[in-house]
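S.K.: Here is how the chains run, residue by residue.
4 protein chains.
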Amino acid sequence: MANSKYEYVRLFEQPDNLLPETWIVVRIDGRGFHKLSDKYKFEKPNDRRALDLMNAAAVSVMKDLPDLIIAYGVSDEYSFVFHPNCQLFERRSAKLVTTIVSTFTASYVCQWPIFFPDKPLDLSSLPTFDGRAVQYPNAKILRDYMSWRQVDCHINNLYNTTFWSLVLKGGMSNVEAEKELQGTVSSDKNEILFSRFGINYNNEAEIYKKGSVVYRQYQLEDQFSATTASLTQAAESQPSGELSKTQQEKMRKLRRKAQVVVEHVDIIKDDFWQRRPWLLSGKPGRLPVE
Amino acid sequence: MANSKYEYVRLFEQPDNLLPETWIVVRIDGRGFHKLSDKYKFEKPNDRRALDLMNAAAVSVMKDLPDLIIAYGVSDEYSFVFHPNCQLFERRSAKLVTTIVSTFTASYVCQWPIFFPDKPLDLSSLPTFDGRAVQYPNAKILRDYMSWRQVDCHINNLYNTTFWSLVLKGGMSNVEAEKELQGTVSSDKNEILFSRFGINYNNEAEIYKKGSVVYRQYQLEDQFSATTASLTQAAESQPSGELSKTQQEKMRKLRRKAQVVVEHVDIIKDDFWQRRPWLLSGKPGRLPVE
Amino acid sequence: MANSKYEYVRLFEQPDNLLPETWIVVRIDGRGFHKLSDKYKFEKPNDRRALDLMNAAAVSVMKDLPDLIIAYGVSDEYSFVFHPNCQLFERRSAKLVTTIVSTFTASYVCQWPIFFPDKPLDLSSLPTFDGRAVQYPNAKILRDYMSWRQVDCHINNLYNTTFWSLVLKGGMSNVEAEKELQGTVSSDKNEILFSRFGINYNNEAEIYKKGSVVYRQYQLEDQFSATTASLTQAAESQPSGELSKTQQEKMRKLRRKAQVVVEHVDIIKDDFWQRRPWLLSGKPGRLPVE
Amino acid sequence: MANSKYEYVRLFEQPDNLLPETWIVVRIDGRGFHKLSDKYKFEKPNDRRALDLMNAAAVSVMKDLPDLIIAYGVSDEYSFVFHPNCQLFERRSAKLVTTIVSTFTASYVCQWPIFFPDKPLDLSSLPTFDGRAVQYPNAKILRDYMSWRQVDCHINNLYNTTFWSLVLKGGMSNVEAEKELQGTVSSDKNEILFSRFGINYNNEAEIYKKGSVVYRQYQLEDQFSATTASLTQAAESQPSGELSKTQQEKMRKLRRKAQVVVEHVDIIKDDFWQRRPWLLSGKPGRLPVE
Numbered sequence: 001m002a003n004s005k006y007e008y009v010r011l012f013e014q015p016d017n018l019l020p021e022t023w024i025v026v027r028i029d030g031r032g033f034h035k036l037s038d039k040y041k042f043e044k045p046n047d048r049r050a051l052d053l054m055n056a057a058a059v060s061v062m063k064d065l066p067d068l069i070i071a072y073g074v075s076d077e078y079s080f081v082f083h084p085n086c087q088l089f090e091r092r093s094a095k096l097v098t099t100i101v102s103t104f105t106a107s108y109v110c111q112w113p114i115f116f117p118d119k120p121l122d123l124s125s126l127p128t129f130d131g132r133a134v135q136y137p138n139a140k141i142l143r144d145y146m147s148w149r150q151v152d153c154h155i156n157n158l159y160n161t162t163f164w165s166l167v168l169k170g171g172m173s174n175v176e177a178e179k180e181l182q183g184t185v186s187s188d189k190n191e192i193l194f195s196r197f198g199i200n201y202n203n204e205a206e207i208y209k210k211g212s213v214v215y216r217q218y219q220l221e222d223q224f225s226a227t228t229a230s231l232t233q234a235a236e237s238q239p240s241g242e243l244s245k246t247q248q249e250k251m252r253k254l255r256r257k258a259q260v261v262v263e264h265v266d267i268i269k270d271d272f273w274q275r276r277p278w279l280l281s282g283k284p285g286r287l288p289v290e
Numbered sequence: 001m002a003n004s005k006y007e008y009v010r011l012f013e014q015p016d017n018l019l020p021e022t023w024i025v026v027r028i029d030g031r032g033f034h035k036l037s038d039k040y041k042f043e044k045p046n047d048r049r050a051l052d053l054m055n056a057a058a059v060s061v062m063k064d065l066p067d068l069i070i071a072y073g074v075s076d077e078y079s080f081v082f083h084p085n086c087q088l089f090e091r092r093s094a095k096l097v098t099t100i101v102s103t104f105t106a107s108y109v110c111q112w113p114i115f116f117p118d119k120p121l122d123l124s125s126l127p128t129f130d131g132r133a134v135q136y137p138n139a140k141i142l143r144d145y146m147s148w149r150q151v152d153c154h155i156n157n158l159y160n161t162t163f164w165s166l167v168l169k170g171g172m173s174n175v176e177a178e179k180e181l182q183g184t185v186s187s188d189k190n191e192i193l194f195s196r197f198g199i200n201y202n203n204e205a206e207i208y209k210k211g212s213v214v215y216r217q218y219q220l221e222d223q224f225s226a227t228t229a230s231l232t233q234a235a236e237s238q239p240s241g242e243l244s245k246t247q248q249e250k251m252r253k254l255r256r257k258a259q260v261v262v263e264h265v266d267i268i269k270d271d272f273w274q275r276r277p278w279l280l281s282g283k284p285g286r287l288p289v290e
Numbered sequence: 001m002a003n004s005k006y007e008y009v010r011l012f013e014q015p016d017n018l019l020p021e022t023w024i025v026v027r028i029d030g031r032g033f034h035k036l037s038d039k040y041k042f043e044k045p046n047d048r049r050a051l052d053l054m055n056a057a058a059v060s061v062m063k064d065l066p067d068l069i070i071a072y073g074v075s076d077e078y079s080f081v082f083h084p085n086c087q088l089f090e091r092r093s094a095k096l097v098t099t100i101v102s103t104f105t106a107s108y109v110c111q112w113p114i115f116f117p118d119k120p121l122d123l124s125s126l127p128t129f130d131g132r133a134v135q136y137p138n139a140k141i142l143r144d145y146m147s148w149r150q151v152d153c154h155i156n157n158l159y160n161t162t163f164w165s166l167v168l169k170g171g172m173s174n175v176e177a178e179k180e181l182q183g184t185v186s187s188d189k190n191e192i193l194f195s196r197f198g199i200n201y202n203n204e205a206e207i208y209k210k211g212s213v214v215y216r217q218y219q220l221e222d223q224f225s226a227t228t229a230s231l232t233q234a235a236e237s238q239p240s241g242e243l244s245k246t247q248q249e250k251m252r253k254l255r256r257k258a259q260v261v262v263e264h265v266d267i268i269k270d271d272f273w274q275r276r277p278w279l280l281s282g283k284p285g286r287l288p289v290e
Numbered sequence: 001m002a003n004s005k006y007e008y009v010r011l012f013e014q015p016d017n018l019l020p021e022t023w024i025v026v027r028i029d030g031r032g033f034h035k036l037s038d039k040y041k042f043e044k045p046n047d048r049r050a051l052d053l054m055n056a057a058a059v060s061v062m063k064d065l066p067d068l069i070i071a072y073g074v075s076d077e078y079s080f081v082f083h084p085n086c087q088l089f090e091r092r093s094a095k096l097v098t099t100i101v102s103t104f105t106a107s108y109v110c111q112w113p114i115f116f117p118d119k120p121l122d123l124s125s126l127p128t129f130d131g132r133a134v135q136y137p138n139a140k141i142l143r144d145y146m147s148w149r150q151v152d153c154h155i156n157n158l159y160n161t162t163f164w165s166l167v168l169k170g171g172m173s174n175v176e177a178e179k180e181l182q183g184t185v186s187s188d189k190n191e192i193l194f195s196r197f198g199i200n201y202n203n204e205a206e207i208y209k210k211g212s213v214v215y216r217q218y219q220l221e222d223q224f225s226a227t228t229a230s231l232t233q234a235a236e237s238q239p240s241g242e243l244s245k246t247q248q249e250k251m252r253k254l255r256r257k258a259q260v261v262v263e264h265v266d267i268i269k270d271d272f273w274q275r276r277p278w279l280l281s282g283k284p285g286r287l288p289v290e
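Residue numbers (UniProt numbering), protein chains in the order written: chain A, 1 to 290; chain R, 1 to 290; chain Z, 1 to 290; chain X, 1 to 290.
Quick caveat, the hints were computed from the structure, so don't treat them as lab data. Some hints could be false.
Each pair may be met inside one copy or between any two copies, as identical chains are not told apart.
As the list claims (entries may be wrong) - Cross-link-like lysine-lysine pairs, in silico, DSSO-like; alpha carbons within 30 Å at most:
no.	residue 1	residue 2
1	245	39
2	189	63
3	283	269
4	140	169
5	269	140
6	35	179
7	95	269
8	119	5
9	179	41
10	63	283
11	44	209
12	189	179
13	5	245
14	5	269
15	119	209
16	257	63
17	189	269
18	63	95
19	63	250
20	5	253
21	250	39
22	35	95
23	257	35
24	140	95
25	5	250
26	209	250
27	209	35
28	257	39
Chain A extracted, bound-state conformation (with noise of 0.2 Å):
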């Protein structure tokens, strides 16, 4: 029996393949997890488990995509960074994305159970991800990108955080807290915590203040090596359509060998990339020496 009758609704399939040379960012973000976070009873303003759990499965995203090159990630979202020379799936949208954000959901719901050992999933509440892919033609707005996270991680987290000590340790309704913050800028918020609470905002734990980064770790290079120009123009030193199959596979099992690690600092500012030059160059750099 042929099936050549019916094969030509393959002809309706489109091409959806990235612009080359463009920096890929898949943010992928946890779906209705206002609800499940009151499901599954987690701790406010922030639940440490929920976040370390969220960085597994990152992580675990990051080993299995060699061609990823950084994430960022906060509350429920995460953000993963392709190269402009990366060619994974011939840069194809759909595949790429729905490879990170099924690889996402399979690693947090199978280590679930290690991280929340008292909470066991209930089939109808299950946590799951949705994702989109965002082209950025330079790292100069990869880099805006990425600082655009972490400010509202910041914004985010001292609203909450003054939210909740309203809630939980002033004794205000949700309602009332929400009314008592209004309008109020960063140093207000600052001021009620300290003073109501006794809180120093800039003590709470650098997970909460900064998000997590999760990258493969080489050598650092000495902080005043790097020119400021090399942040921005590193990526379009080498387009893609010069880096042969052979080149790309060898530095993809450069990246297999290198440490991932998860670090919750600051990157918005130049620091962190001037040493870590092999963020912005998609080259590997050296494993660090034991």
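Starting from the structure of chain A, add chains R, Z and X where the hints point.
M.R.: Just chains R, Z and X now, with coordinates in the frame of chain A:
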């Protein structure tokens, strides 16, 4: 601290809404399931537990997304179908695809221990799926798509059944079996199965021969009440532009009440569609009398 | 000298093929025609020569591209329709749109002196057009699109006829006329025209009230032979996947033989489409008996 | 009469805005110019009047769209370049491409009698052009695109010059000439031209060897003032997200004041771009001192 300085990066997000009034098929495929089936020692040619797990995950997706009309699964792939009048997520492609992929993955991983109690999942070999959305402009082409998958199921299953009989019962090596089958047509394979192994292919389990159809069950129509014409026109009768949000919400609720069933039946002939007019019309039928 | 060093730039060209089996409408619009009509002193509310020139250019496009089924024009816009089975330029959007825009522009500019012999074109004020392609999944929606444009023609022409009567015959300023018409409905405008200026709108020229329809003429069907059903199904009867290149070429030749006519008739009611079944079927009819 | 019943058809229009901060190249090509050049008896291998007409049309486009940075033409093709910070038509692809194609076509047809006074255009053989937009993420790749076209110009012109010398002066048939040139490299063709026809290819007109560059002229920079670095970075210095509408309008006005020039020079080497930094920076330079 204002985030406005970086917020411009949102401008790089490009819309991916699918064309209104088209059938949307989201097909997901197991990633590296050949390797995975070796790792977890799936039975050949078909592992019933693995197929049942696929179906259980598909049922989860159907229940989670009442907008879905029907799904068809074979081997490690599953196709989920949205009706032309579907407005879910404003028909954004990445959102639709990732939601299905993530829900399927979560359910599959979560239910793995139920179907494979003796084979705990290894974190470094997790089952994952990629996916993509394809648009089909009318019901005839949608049905041709479904037929394409079911014919493929038949072709592959006949081949695999014969191949693994030659190997497992006939003592051939994989290479010898492949060579033996080269150039054979269906009748040849049926003959090999019957004469050498006493297998009447027609008696094989329907789930292997027909794959699995998942849909919401309403009262079946009398076999002869539906006209052939209705099989391809129904979908076009009422553009979504004329479906109010209230109507859509009402239909979604009705769908939640219906039972999701898994069957292994012919979906190529008209009969299946004639007796279940709600599939092509996109309008919930009457709930079966208890 | 080899060009291979730079040839990689071709990788940045992204495909833009439209979905198979959808109706394609290319709508073009005059750029800055308000200013242009001032510059060349077009008559108000309608300049017959300008409309005739639009129609002449549309006929050129229809003759140049036998794949086109029908076109509809009003004011400085024209919509050109390709059938779902059209394979021209592999359905590449930019190629289809630019070919129509360029052919229309060339013909319009070239024939300008025929229609405006006393108004030579000024190189710094040339008539130009932009355009875009839109896909419609079935014949019902395509007809709704056509109806939309013809209703728009009616609404605008009734308004403009009344407005310019108030200005040119009633001595009002533009602002006064605009104010006078604010909040009026069709019957109000008809009344103004009749009571103040003795104009029976029904007696206005059909080209102004109905716009212009351009298509290939074959033998008209008897008014009652076609069923209503055929008005929306025809298009789906034979997927282009099943139309051989030879068949397509043959149909193209048959279309070249047919006469391209310009009419000013109702295209909203069924009658127009019932008597010209070749429009929705996409299959050339019988050439009229001489 | 309300139009709301049909207005839903607008929902089928899909956005086609190009990615921000990328270089946009709109390349247009003559449709069937091989046949057209026969019809109007263009001279071989180059018809100076035809090239001058192409350039005149390109100048019209550059003047009409001050957002354009540079254009490069060879034979019957022309590439028009928008800067990454261009916001024209919200970067909608079809709008940008059709505007350029239509303006070019209108100008070409309108000026035809100036360049070919003895060859009136035949309505059934009008010159038309198709076009498409391609995005390039940074200045290096944009320059590689421009180099690609100029190298192509050289390769084709050397071939055509030799081919037509063999035919027109050497008395060969087209087939014989083609055969003679099969497998030859540049030096072979140079040798044929010199030894058989006394032609020193280097002395051929620059317009044939280099093609035509069209851009806005400001004061040239000193040859050594610009750094090499600036050749690829400039474009990324200020995202359009930070360019106000007022700034954009101001720049557009400044550009209108500049003279549009046509030159036949090398655009592959750095020198051309170093001395005209306004091309890659996208910021108008100083107007030349009279």
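S.K.: Run every hint past the structure and note whether it holds.
M.R.: Hints, verified against the model:
In this assembly of identical chains, the alpha carbons of residue 245 and residue 39 lie at most 30 Å apart only when taken from different copies (28 Å versus 48 Å within one copy). Within a single copy, residue 189 and residue 63 get their C-alpha atoms no closer than 39 Å, and across copies no closer than 43 Å, so neither meets the 30 Å cut-off. When the C-alpha separation of residue 283 and residue 269 is checked against a cutoff of 30 Å, the pair qualifies both within a copy, at 21 Å, and between copies, at 28 Å. With identical chains, the CA atoms of residue 140 and residue 169 are never at most 30 Å apart, being 42 Å at best within one copy and 57 Å at best between copies.
With identical chains, the CA atoms of residue 269 and residue 140 are at most 30 Å apart both within one copy (12 Å) and between copies (26 Å). In this assembly of identical chains, residue 35 and residue 179 lie within 30 Å of each other by CA distance solely inside one copy; the values are 22 Å within and 54 Å between copies. Proximity of residue 95 and residue 269 under a CA criterion of 30 Å is satisfied in neither setting, with 33 Å inside one chain copy and 33 Å between copies. For the homomeric pair residue 119 and residue 5, neither the shortest alpha-carbon distance inside one copy (51 Å) nor that between copies (41 Å) is at most 30 Å.
Within a single copy, residue 179 and residue 41 get their C-alpha atoms as close as 24 Å, which meets the 30 Å cut-off; across copies the closest is 59 Å, which misses it. In this assembly of identical chains, residue 63 and residue 283 lie within 30 Å of each other by CA distance solely inside one copy; the values are 17 Å within and 44 Å between copies. Taking the shortest Cα distances, residue 44 and residue 209 sit within 30 Å of each other inside one copy (14 Å), while across copies they are farther apart (52 Å). When the C-alpha separation of residue 189 and residue 179 is checked against a cutoff of 30 Å, the pair qualifies only within one copy, where the shortest distance is 13 Å, while the shortest distance between copies is 54 Å.
For the homomeric pair residue 5 and residue 245, the shortest alpha-carbon distance between copies (17 Å) is at most 30 Å, but the shortest distance inside one copy (37 Å) is not. Within a single copy, residue 5 and residue 269 get their C-alpha atoms only as close as 59 Å, which misses the 30 Å cut-off; across copies the closest is 14 Å, which meets it. With identical chains, the CA atoms of residue 119 and residue 209 are at most 30 Å apart within one copy only, with a shortest distance of 27 Å there and 40 Å across copies. Within a single copy, residue 257 and residue 63 get their C-alpha atoms as close as 10 Å, which meets the 30 Å cut-off; across copies the closest is 42 Å, which misses it.
For the homomeric pair residue 189 and residue 269, the shortest alpha-carbon distance inside one copy (24 Å) is at most 30 Å, but the shortest distance between copies (57 Å) is not. With identical chains, the CA atoms of residue 63 and residue 95 are at most 30 Å apart both within one copy (17 Å) and between copies (25 Å). Taking the shortest Cα distances, residue 63 and residue 250 sit within 30 Å of each other inside one copy (16 Å), while across copies they are farther apart (44 Å). With identical chains, the CA atoms of residue 5 and residue 253 are at most 30 Å apart between copies only, with a shortest distance of 27 Å across copies and 43 Å within one.
For a Cα distance limit of 30 Å, the shortest separation of residue 250 from residue 39 across copies, 26 Å, qualifies, whereas the shortest one inside one copy, 46 Å, does not. In the homo-oligomer, the alpha carbons of residue 35 and residue 95 lie at most 30 Å apart both inside one protomer (29 Å) and across protomers (19 Å), since each shortest distance falls under that limit. For the identical chains of this complex, residue 257 and residue 35 are inter-copy neighbours only, at 22 Å across copies versus 39 Å inside a copy, given an alpha-carbon limit of 30 Å. When the C-alpha separation of residue 140 and residue 95 is checked against a cutoff of 30 Å, the pair qualifies both within a copy, at 26 Å, and between copies, at 27 Å.
For a Cα distance limit of 30 Å, the shortest separation of residue 5 from residue 250 across copies, 23 Å, qualifies, whereas the shortest one inside one copy, 43 Å, does not. Taking the shortest Cα distances, residue 209 and residue 250 never come within 30 Å of each other, neither inside one copy (37 Å) nor across copies (42 Å). Proximity of residue 209 to residue 35 under the C-alpha cut-off of 30 Å is restricted to the intra-copy arrangement: shortest distance 23 Å within a copy versus 41 Å between copies. For the identical chains of this complex, residue 257 and residue 39 are inter-copy neighbours only, at 23 Å across copies versus 39 Å inside a copy, given an alpha-carbon limit of 30 Å.
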